[in-house]
Amino acid sequence: MANVISDETIEYVGILSKLKLDDAGKEQAKHDLEQMLDYIDQLGELDTDGVEPMTHVHPFSNCFREDVVTNGDDRENILKNAPEEKDNMFAVPRTFD
Amino acid sequence: MSKEYETVIGLEVHVELATKTKIFCGCSTAFGAEPNAHTCPVCTGMPGSLPVLNKQVVEYAMAVGLATNCDITRHCKFDRKNYFYPDNPQNYQISQLYLPICRNGYVEIETGKLSENQKNALKGKTGSDIAESGEIKKKRVGIHEIHMEEDAGKLVHDDWGEVSLVDYNRSGVPLIEIVSEPDMRSAEEVIAYLEKLRMIIQYLGASDCKLQEGSMRADVNLSVREVGSTEFGTRTEMKNLNSFTSITHAIEGERNRQIDILESGGKVIQETRRWDDTKFESYAMRSKEDAQDYRYFPDPDLLPVDIADEWIEKVKAAQPEFREAKIERYKQEYQIPDYDIELITASKRMADIFEEASGICGQPKKVSNWLMVETMRLLKEKSMDPDQIRFSPANLAKLIELVDSKVINNSTAKEVFEVMFDNDTDPAKYVEEHGMKQENDEGAVKAICEKVIAENPQSVADYKGGKDKAIGFLVGQVMKAAKGKADPGTANKILKELLAQ
Ligand SMILES: [Zn+2]
Numbered sequence: 353m354a355n356v357i358s359d360e361t362i363e364y365v366g367i368l369s370k371l372k373l374d375d376a377g378k379e380q381a382k383h384d385l386e387q388m389l390d391y392i393d394q395l396g397e398l399d400t401d402g403v404e405p406m407t408h409v410h411p412f413s414n415c416f417r418e419d420v421v422t423n424g425d426d427r428e429n430i431l432k433n434a435p436e437e438k439d440n441m442f443a444v445p446r447t448f449d
Numbered sequence: 002m003s004k005e006y007e008t009v010i011g012l013e014v015h016v017e018l019a020t021k022t023k024i025f026c027g028c029s030t031a032f033g034a035e036p037n038a039h040t041c042p043v044c045t046g047m048p049g050s051l052p053v054l055n056k057q058v059v060e061y062a063m064a065v066g067l068a069t070n071c072d073i074t075r076h077c078k079f080d081r082k083n084y085f086y087p088d089n090p091q092n093y094q095i096s097q098l099y100l101p102i103c104r105n106g107y108v109e110i111e112t113g114k115l116s117e118n119q120k121n122a123l124k125g126k127t128g129s130d131i132a133e134s135g136e137i138k139k140k141r142v143g144i145h146e147i148h149m150e151e152d153a154g155k156l157v158h159d160d161w162g163e164v165s166l167v168d169y170n171r172s173g174v175p176l177i178e179i180v181s182e183p184d185m186r187s188a189e190e191v192i193a194y195l196e197k198l199r200m201i202i203q204y205l206g207a208s209d210c211k212l213q214e215g216s217m218r219a220d221v222n223l224s225v226r227e228v229g230s231t232e233f234g235t236r237t238e239m240k241n242l243n244s245f246t247s248i249t250h251a252i253e254g255e256r257n258r259q260i261d262i263l264e265s266g267g268k269v270i271q272e273t274r275r276w277d278d279t280k281f282e283s284y285a286m287r288s289k290e291d292a293q294d295y296r297y298f299p300d301p302d303l304l305p306v307d308i309a310d311e312w313i314e315k316v317k318a319a320q321p322e323f324r325e326a327k328i329e330r331y332k333q334e335y336q337i338p339d340y341d342i343e344l345i346t347a348s349k350r351m352a353d354i355f356e357e358a359s360g361i362c363g364q365p366k367k368v369s370n371w372l373m374v375e376t377m378r379l380l381k382e383k384s385m386d387p388d389q390i391r392f393s394p395a396n397l398a399k400l401i402e403l404v405d406s407k408v409i410n411n412s413t414a415k416e417v418f419e420v421m422f423d424n425d426t427d428p429a430k431y432v433e434e435h436g437m438k439q440e441n442d443e444g445a446v447k448a449i450c451e452k453v454i455a456e457n458p459q460s461v462a463d464y465k466g467g468k469d470k471a472i473g474f475l476v477g478q479v480m481k482a483a484k485g486k487a488d489p490g491t492a493n494k495i496l497k498e499l500l501a502q
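Chains as they are written, first to last, in the working numbering: chain A, 353 to 449; chain B, 2 to 502.
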């Protein structure tokens, strides 16, 4: 129970994940995150000196495609995934640059 | 201003690679398609879809790395850069943070001699830090790394509704990002560096590198410090620079802005600024709400890339002759002026046409002349790049042979060339079909000359009275009467003979 998440941290994580949390939600999230970090901290009990960080489980590499066009115009299907469609484009809440 | 300042500049250059397909899916990268016509579940970030790496992207990135003296990372990986924005459908961009494909390179730049781009960027400017010193200085600009990544989609703002519209045709188009060391000290060096990169990449055919069209994009990291200081000042990053002119202006504007802040006792804030080309000033882009914390982590969907020595050797062996080597060879091989060599080799396409046409007709001087004069003129007139040249070297060689064998004269050749320039028309056929062959029958030319002499007694008298120039007018009259199809040399000769009688 060593990890303590500060108010600033939970605020910041909220901004990064685009979540609006009320006060009760923030407390709950702090509690959950603290527990997760404590759980992960168990890994610290292992001796990992000289062990390479592993990012892939399988011992494979070099899986390539040749540079050949294989996909045609599939707008009809792709645009079905859009929350809303307009002029053959995905309509999303207005953004500003 | 009592203190003297030094500008320290590093560049992040994004280059769109010339592959036929996207980096992780088989969608086309061709320009000009209907919105979202080049999309699939992978490049629109649909759950469950899996990326597969385009081998050509790795080869282009390696080729650029080798040409810029980089070490190739034998074991490299992709990472996810997390951020939320609708142009980025996965909510992360696949990039390389921890093990980029190329590291630790450099390019050599030359300053002190203004290039065409630098001259244009300086039009109407005074007090610029670009000046022609006459003394050519060589300098190395370090390349920190080159990594592979994917481009984002394009947002279109709908003027009518409350929505933005997204076209994912560009989403997943392969890019390399070339990150320089903070080795540049002036706008002149920055432009020399960009030109050098562009030349190398264009020669490799890895990209067309067009700043205006966005296939080459430069972000400028700039700080100032007092001359003699060994520590760097706080830097800002400037985006939205899409021409050499705006890069030059933005560097000067930002340098002055930072010096003003320091002189008045303030502190420069590390931030991203956007250059406004119409107002000639930059403004800060991000607020606290847009915290830049990308939480990179290795992408588990993509396998690592292991690059063996044999692969590197293969890519090395396929490298073209680069510009410096070409210039040296041209000086040995062809009897053409250094200035012509500079201009012809400034575009690989132009150089290729030059070599091939010279090889066919054996007249490098004449080929160079057609490229330097008529080709350059038409390119400029039509605002085209050398890459867009349509006429074949074979047809240019044929045109030169038509003039040499006196089938057509020079002015007819220019006329034919304009048609050829547009449609790669076969010049011999065109001349035949349009009855443009010159009159090589001396008897026919002589008859015209006699008629012209009879009709222009004044000029004849002038010529006989010692005004040699009058012959020019008479030749012109002969050409006119022959509808341009006479050989001016022959006309001149015959006229002189007749007038001497
Ligand atoms: Zn796709």
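These are computed hints drawn from the structure, not numbers from a lab. Keep in mind that the hints are not guaranteed to be accurate.
Said to hold, decoys possible - Capping the alpha-carbon separation at 35 Å, the derived lysine-lysine pairs in DSBU-like fashion look like this:
id, chain 1, residue 1, chain 2, residue 2
1, B, Lys-332, B, Lys-82
2, B, Lys-155, A, Lys-438
3, B, Lys-407, B, Lys-138
4, B, Lys-140, A, Lys-438
5, B, Lys-317, A, Lys-438
6, A, Lys-370, B, Lys-155
7, B, Lys-438, B, Lys-140
8, A, Lys-372, B, Lys-82
9, A, Lys-438, B, Lys-240
10, B, Lys-430, B, Lys-468
11, B, Lys-155, A, Lys-372
12, B, Lys-332, A, Lys-438
13, A, Lys-370, B, Lys-78
14, B, Lys-280, A, Lys-438
15, B, Lys-407, B, Lys-240
16, B, Lys-317, B, Lys-430
17, B, Lys-155, A, Lys-432
Hint check against the structure, violated hint numbers in rising order:
Per hint list: 1, 3, 4, 5, 7, 10, 12, 15 and 16 violated.
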